[in-house]
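**Student:** Line order of the protein sequences matches chains G and U.
Residue 1 is where the first sequence starts when you use the numbering used here, and the numbers rise one by one after that.
Residue 1001 is where the second sequence starts when you use the numbering used here, and the numbers rise one by one after that.
Heads up, incomplete: computed chain U residues facing chain G, CB under 7 angstroms, no partners named:
| # | residue |
| --- | --- |
| 1 | T1277 |
| 2 | K1686 |
| 3 | N1687 |
| 4 | T1692 |
| 5 | L1694 |
| 6 | T1697 |
| 7 | D1755 |
Looking from chain G toward chain U, a few residues come up when the C-beta cut is under 7 angstroms (computed):
| # | residue |
| --- | --- |
| 8 | D41 |
| 9 | Q186 |
| 10 | R187 |
| 11 | R188 |
| 12 | A189 |
| 13 | L190 |
| 14 | V269 |
| 15 | K276 |
Calculated pairs, DSS-like style, for lysine-lysine (alpha carbon to alpha carbon, straight line, at most 25 angstroms):
| # | chain 1 | residue 1 | chain 2 | residue 2 |
| --- | --- | --- | --- | --- |
| 16 | U | K1545 | U | K1589 |
| 17 | G | K276 | U | K1439 |
| 18 | G | K97 | U | K1639 |
No lab work stands behind these hints: they were computed from the structure.
Note that beta-carbon positions come from the ideal geometry of N, C-alpha and C, so glycine has one too.
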Amino acid sequence: MLIDLGYRAPDSLEEALEILGEDSSFLILAGGTDLLVKYFDAREKMGNVLDISRLEELKKIVIEGEKIFLGALTTHEEIYRNPDLQKKVPFLCRAAKSVGAPQIRNQGTLGGNMANASPAADLAPPLIAVGARILLAGPDGERSFNLDEFFTGPGKTRKNPNEIITGVEFNVPVGDFRNTFLKVGQRRALAIAVASLAIALSCRQGKVEEVRLSAGSVAPIPLRARETEKILQGQKLDNLPLEKAADQLEKEASPIDDIRGTRVYRARVLGNLLRKGLQEVLSQEGVSENG
Amino acid sequence: MTNKFVGKRIDRVDARDKVTGKALYSADFYQEDMLYLKVLRAPHPHARINSVDVTNARKIPGVVMAITAKDIAWVKNFGMIFKDQEVLVREKTRYMGDALAIVAAETPAIARQALDYIEVDYEPLQVLSDPLQAMDKKAPYIHEPREENCEPGYNPGNLLCSHRLERGDVEKGFAEADKIIENEIRTPHVEHVALQPEAGVAKYDKDTGVCTMWVATQWLHDIQADVAQALNLKAEQVQIIQPAIGGAFGKREDVSVHIIIGLMSILTGRLVKMEMTREELMITQNKRHPIIFRYKTGVKKDGTITAWEAEVIGDTGAYASTGSAVVHQALYMCTGPYNVPHLKGVSYTVYTNNTYAGAMRGFGATQAAFAYETQMDCIAAELGIDPLEFRRKNAYELGSITPNGQILTTSVGIKETLDKAAEIFGYEPGRLSKEVNGKIRGVGVSSSMFGCGYGEGFPDHSIVDLEVTREGKILVRSAAADVGQGILTVVCQIVAEVLDIPMDLVEMAPGDTHATRNAGSTSATRQTIFSGNAAKLAAEELLGKIYHRASLELSKHHPQFLVRDGEVVLQGTETRISLAQLARISREKGDPLQAEGCYFPRTDVPDEATGQGRLVYVAYTFNTHITEVEIDKYTGETKVLRVVAVPDVGRVINRVGVEGQSEGGTVMGLGMALMEKQVIEEGITKNADLSTYLIPTSLDMPEIITDIVESGDAAGPYGAKGVGEPALLPAAPAIINAIYNATGIRFYHTPVTPDEILQALQARASKNF
Chain G
1 MLIDLGYRAP DSLEEALEIL GEDSSFLILA GGTDLLVKYF DAREKMGNVL DISRLEELKK
61 IVIEGEKIFL GALTTHEEIY RNPDLQKKVP FLCRAAKSVG APQIRNQGTL GGNMANASPA
121 ADLAPPLIAV GARILLAGPD GERSFNLDEF FTGPGKTRKN PNEIITGVEF NVPVGDFRNT
181 FLKVGQRRAL AIAVASLAIA LSCRQGKVEE VRLSAGSVAP IPLRARETEK ILQGQKLDNL
241 PLEKAADQLE KEASPIDDIR GTRVYRARVL GNLLRKGLQE VLSQEGVSEN G
Chain U
1001 MTNKFVGKRI DRVDARDKVT GKALYSADFY QEDMLYLKVL RAPHPHARIN SVDVTNARKI
1061 PGVVMAITAK DIAWVKNFGM IFKDQEVLVR EKTRYMGDAL AIVAAETPAI ARQALDYIEV
1121 DYEPLQVLSD PLQAMDKKAP YIHEPREENC EPGYNPGNLL CSHRLERGDV EKGFAEADKI
1181 IENEIRTPHV EHVALQPEAG VAKYDKDTGV CTMWVATQWL HDIQADVAQA LNLKAEQVQI
1241 IQPAIGGAFG KREDVSVHII IGLMSILTGR LVKMEMTREE LMITQNKRHP IIFRYKTGVK
1301 KDGTITAWEA EVIGDTGAYA STGSAVVHQA LYMCTGPYNV PHLKGVSYTV YTNNTYAGAM
1361 RGFGATQAAF AYETQMDCIA AELGIDPLEF RRKNAYELGS ITPNGQILTT SVGIKETLDK
1421 AAEIFGYEPG RLSKEVNGKI RGVGVSSSMF GCGYGEGFPD HSIVDLEVTR EGKILVRSAA
1481 ADVGQGILTV VCQIVAEVLD IPMDLVEMAP GDTHATRNAG STSATRQTIF SGNAAKLAAE
1541 ELLGKIYHRA SLELSKHHPQ FLVRDGEVVL QGTETRISLA QLARISREKG DPLQAEGCYF
1601 PRTDVPDEAT GQGRLVYVAY TFNTHITEVE IDKYTGETKV LRVVAVPDVG RVINRVGVEG
1661 QSEGGTVMGL GMALMEKQVI EEGITKNADL STYLIPTSLD MPEIITDIVE SGDAAGPYGA
1721 KGVGEPALLP AAPAIINAIY NATGIRFYHT PVTPDEILQA LQARASKNF
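From just these sequences and the hints, can you work out the full model?
**Tutor:** Written out as structure tokens, the structure is:
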């Protein structure tokens, strides 16, 4: 009755894709911070495992001016510690730092955080807010999606089983770019978000030129709050319709009750995170602070 | 005379081994040919079991044995006070942790997978998850009804027992009161979260008939007795050797793997090992009792308490464990360290289909402290008296009478703890909350008392044996379990102090039912008092024997020589005899340098009808916290900023030990106040893992300042009292009281979540608007 479990650990993306081309039932393992917990004490239920942790080509961080590529195997700790990212997208670093504890941050990867597709994934809101695209490679070639269109439900994405996430890419807005990431957890470390919010604001001449809001743990997928964005779009920084935006954000969310928090709390606190977060970005005066 | 060791900051004797990884915990034991055990637990919290079929599991290669209740008809029930728990359930399950079958296999994976091949046919019964519902006469019986023990009007299958407390005339007291304050206060199921999951290894020797097990327990000899009776063995046929213990907090007072590993070692004839997973132990093993307190307190305008009435209902879950004792302790401590002239109370211990509850740090007194400190804070607010001043006005002094009628004649430092805490904190009476950067700060006060030792006339003693070894070291034999609290260090300090020798000449033998004598449980905040006293008595006797032998050898009298640094020194001369030499001589003369100390104080059984007695506990420890919190108005999150903790421990034995207990107790109380609740719905735990059952992390730690009051003259060695449980008691209520001070919102339960705080803040804001 004991299954002979398959385990492969290829050295190149090409080899990995070949394996998946032949048998797409392989479970893709990167840092293991989700899978090894899920299958703790039940390794036999895991089936075939494709360990991609040796794929060097997925471990890159490439920053060329405002264009940024983060390889799928970039760890949370690497994101948080990267001085260029801290300067350009501090809210992404703050989100990375808010994950788990040092051991988890050193082990858990960007690609894994996306593939696991938890509504609470901490890296998703800032990446969505910065307009990231997610890159996939499969036996039939490469595909990419806007990250806000990638997630389809809890644990579900548009990635096919025979595809591997290779990374994300985005352009950092030029000019007066302000951003923040706020998270409510049940404690100060090792806490899964009860609600989180990323705010990305491009400002020009005292007005909101472009805004993207993305929230975690308040919908079946990391939420892009387009309706709330519309309320803020084009508004004067010294007279933002804070209350109206917060009310809209509460409406846009569709949270659930679970062991970590209630539906009512999640919606209510999300509105408050916007109030608090907008006040914070207004005080940034275009100068980035890092989390 | 100044002490060399007692009262100092002493490194723990077990620290080096634990930090370097040398210490062996039971899960570390490994042998190639051992068998691994897994247990099939209940499919439903309350179900009639028609059959458990292990046929298919037995066919799996690598499965050596799979058994059900039918295979072990000879095995008896177990339980610490009531033998109400079955090793494998026969007819019905009463909670999700009930065991239905045991599998022994060559690998852990095979054992685990074999469980999937066991078929259980059962009929679900009505699940009773609420003690109030279970008490009702109409509710189905969880256990066989016992009409003779049951209060009239209650459910004879579900009401385990009741206790009463009465002194004075509460009606008279209420008539004298200017105000009467009534509240219902509740605490939830809480998990101990000891670092190490339950694990043990056992082997059975057919020739000697002795079953030897390496498994942690808080009390070797009591677990030995329960294992032996369950398995139809004589006590001496069960040998338990204490490995290093990865925390306990009361969890390891209960039987966990002990009987199962003993049983399977006998049935298979092989070395067997069992380790529970975190999820398994959270569902299966004892919890802190959820308790409902219904309080009615009469008070005069000037803050004098005139009467206090209490109804206490404790949910002990599917089995009694120590539940009857826990719940009545919650009743016996129901007024805290405050003078109450007229008092009346009743407690009920109730079976439900929840995970059973038993001992956990504080043993009912923790829940009571939350309840009475909430009540005290409510009364102070109602009267417009500063909460610290109100406590001070009513706090015990010499001559005060405890709820059990014990007149306190010694070591009552509660007022000093209040004063010292106020001074260190910089407490401002009548202080209002203040807002700093969108965050509201508030200060909470809480005090507490705890009766050390089992008390109540329960047999309670400890024996320590000492011996001078051939190397001139002092070997200490004690079964006292060091669950992390530091008793081994305390015992070594005392022995070193009495014999005036360096600590590194004192060695502890490992706890072993066959080599160390009963030290009682590491619980009830009793080991420093009990094993500490026994060690002191033994060391003093040994010192006498050393003097005796030395005087014979040197032909001199006692005042002319002294024992110091492992030698007997003839004063003013170069003449010395090492303890090693003296030990050899003594052994040759047939009178080895050995001594024993036994501490076995008397306490009274409280009167059944009134709970009154003269000497109910050997000592009472007091502890005061003043705590500052900060609440985020946007998120409802509470951050504990600063805690000033001032316990009265009588006399300090190990200063870092007391501080460590104080800090650990504080952070455990922080978890209780803000995070910890095992959510059990209809008998089923919803958060049986450490990603959903949260405890504080190092980032949640506040600044903790511990200062110590030494009121002296307590029953323990050098006037000491215990501190393990009292360290926790005031922590949670001080935080909840600080939330009240910050927000004006009163919570009558733990934990208080950001959700509840935010909701209350917004509800109030909209009302004021």
